[in-house]
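Chemist: What follows is the residue order along each chain.
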Amino acid sequence: MSIKRIVYTKTYQTLYNGIWKNNPVFSMVLGLCSSLAVTNKVENGLAMGLGVTFVLVASNMFISLIRSFIPSKLRMIAYMIIISTFVIIADQYLKGFYPLISAALGPYLALIITNCIIMGRAEAFADKNSVLISIVDGFANSVGYTVILVLMSVIRESMAFGTILNYRVAPAWWTNWVIMAIAPGAFFVLAIILWITRIKARVCQI
Amino acid sequence: MKIEAVKDKSLFYMLVFILVLGTISSGVLFTVARKMAPIIKKQKAMASETAILNAFDISYNKSNIVDIFRKNVRSRSAGDMTIYNSTGGLRAIELEGSGLWDVIRIVVSFNSSLTKIHRVVIIYQEETPGLGGRITEPKFLAQFKGKDITNGIRIVKRVRNPVNEVNAITGATLTSKALEKIINTGIKGIKRMTNVD
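Which chain is which? The protein sequence lines are G and B, in order.
For what it's worth, our numbering labels the leading residue of the first sequence as 1, then goes sequentially.
For what it's worth, our numbering labels the leading residue of the second sequence as 1, then goes sequentially.
Just so you know, these hints were derived from the structure itself, not from any lab.
These numbers come from a predicted model, not from an experiment.
Sample of chain B residues with no beta-carbon within 12 Å of chain G, all distances over it, derived: (1) SER59; (2) ASN64; (3) SER75; (4) THR87; (5) GLY88; (6) GLY89; (7) PHE140; (8) ASN164; (9) ASN184.
Here are the simulated DSSO-like cross-link-like pairs (lysine-lysine), alpha carbons at most 30 Å apart as the crow flies: (10) LYS95(G) to LYS41(B); (11) LYS73(G) to LYS9(B); (12) LYS7(B) to LYS73(G); (13) LYS2(B) to LYS128(G); (14) LYS95(G) to LYS62(B); (15) LYS95(G) to LYS42(B); (16) LYS95(G) to LYS71(B); (17) LYS128(G) to LYS9(B); (18) LYS95(G) to LYS139(B); (19) LYS128(G) to LYS7(B); (20) LYS73(G) to LYS2(B); (21) LYS44(B) to LYS95(G); (22) LYS35(B) to LYS95(G).
Using N, Cα and C, we set each Cβ at its ideal position, and we do this for glycine too.
Chain G on its own, in the form it takes in the complex (with noise of 0.2 Å):
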């Protein structure tokens, strides 16, 4: 199939909708409250990603798996009974396997059954489309908003700290700005990449 054919097929769109055009932090502003709370550091964040690419994506492939049975009138208690699961899943993984992550993330992890993006794709895409093209959605959401978070905390965590995984980056003069260790400089780096991104949509209208 040639790369011309390629970009016209569904699993092509839903991959570039999910990661760029419909990115779930910039361009449909979902999940903020996770890329706020756990971007302090960058392994917080890429963890905070892991952990709801996989709710995600396995939220998708069951909710899809499932749809013809689920009664319209129940679909949100049925989301929640689903995503909730596969919270707890992960949450035990991470306290049995790697709890100082676990630690980091602190409640933050638990609250991804409130993250938006999830409870969205659920109603938006897994609800009407197929299994895999529902997991292809999943994970290209999750994706999208890995970046941000990874992005995010990259310039949390070297203004705030100098380091980056724990690696020190910033020189040896540099004054650690405290400021983007805690909620305020969160919003200031969100609010600049939301800025950005929507001027750059503007000009190459996205």
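Given the coordinates of chain G, work out where chain B should sit on it, guided by the hints.
Modeler: Okay, now just chain B, sitting in the frame of chain G:
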């Protein structure tokens, strides 16, 4: 009878659906919890043992924590407190108390005569990153070494009596005070235990 025609109209179908989904979900979570419970318990125990080895300045590798702990540390319980004794003569206790946002769990080690602090190690804290969270920084914790515990420890804005006072973290008054309370509760407890002995 097609499901499409029934699922949105039949109350019975909706009840059965939720019951089945809930049962499957509960079953999966129960299985996962059972399998993970011993692993999580082992992790928590290892976190405590690692902190106690650090408090005693005992070297270890990730693979031999349990062996090194068993070889070098003895424990003795009285009531709700456990005293750990190292082969080098140091003593330690594990403490937990309320921080600003969540509990703070620490290990405090003392010299053999229980007059001075040897080391403070933080096991768990959820304080504000960049402020209260800085209680884990080596520079802050190093202040406790050698502090006299006769009249308890004080974490203050400006140190006037270096015998038993350490500098608090700027902007983290509440966390500093919480840590001071936890350590002093531990000091009272260990003195009570050793007086009883």
